[in-house]
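A.B. asks: Sequence:
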Amino acid sequence: MVKVGVLGANGRVGKLIIDDLKTTKDINLSSVFVRNSLDFSIDPSVLVSTDIKSFLNACDVVIDFSLPEACESLLEACLKTPKPLVIGTTGLNAHQLNLLKQASENMPILYATNMSLGVALLNKLVYQASAALEGFDIEIVEMHHK
Numbered sequence: 001m002v003k004v005g006v007l008g009a010n011g012r013v014g015k016l017i018i019d020d021l022k023t024t025k026d027i028n029l030s031s032v033f034v035r036n037s038l039d040f041s042i043d044p045s046v047l048v049s050t051d052i053k054s055f056l057n058a059c060d061v062v063i064d065f066s067l068p069e070a071c072e073s074l075l076e077a078c079l080k081t082p083k084p085l086v087i088g089t090t091g092l093n094a095h096q097l098n099l100l101k102q103a104s105e106n107m108p109i110l111y112a113t114n115m116s117l118g119v120a121l122l123n124k125l126v127y128q129a130s131a132a133l134e135g136f137d138i139e140i141v142e143m144h145h146k
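For the sequence shown, our numbering assigns the number 1 to the initial residue and increments by one for each residue that follows.
Misleading hints may appear alongside valid ones.
[What the hints assert, rightly or not] DSBU-like mimics (lysine-lysine), calculated; alpha carbons at most 30 Å apart, straight line:
hint, residue 1, residue 2
1, K80, K101
2, K101, K53
3, K53, K15
4, K83, K101
5, K53, K22
6, K53, K124
7, K15, K101
8, K80, K15
9, K83, K53
10, K124, K101
11, K25, K3
12, K83, K25
13, K3, K22
14, K101, K3
15, K80, K53
16, K3, K80
17, K83, K22
18, K25, K15
19, K80, K124
20, K3, K53
21, K3, K83
22, K15, K3
23, K15, K124
Derived by calculation from the structure, the hints in this document are not laboratory data.
Given these sequences and hints, build the entire structure.
C.D. replies: What follows is the structure in structure tokens.
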């Protein structure tokens, strides 16, 4: 059984991940990291922690859809306690991206700022269009959810 920790549990995507983990075989939610408290009720067997070390010790892999500052704290902690990471946090600055690169030298990390099927398809189409339209400047403007 793979034990998953979720950083950003109070957010929109964090809540969706937690809901999906309830019905996933061989993977279970073991811990959530929160700044203050959890906004909803959760199985009492799940560790709800404000301490990053306790949070990391309770899981095998971390899924992070939090804020850049929380992601930075996670990456700093993982430099000392490596864990496989899935990071979907957006808006990382140069320092945070450098921490991500450093951490990736010692642990597997999947990092994408948008993991939706639609964006993956759009990226592929843009790549094909840019190859076919030499000399054109292509710009994509993303509208994020409210």
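A.B. asks: Which of the listed hints are broken here?
C.D. replies: The structure breaks hints 6 and 19; every other hint is satisfied.
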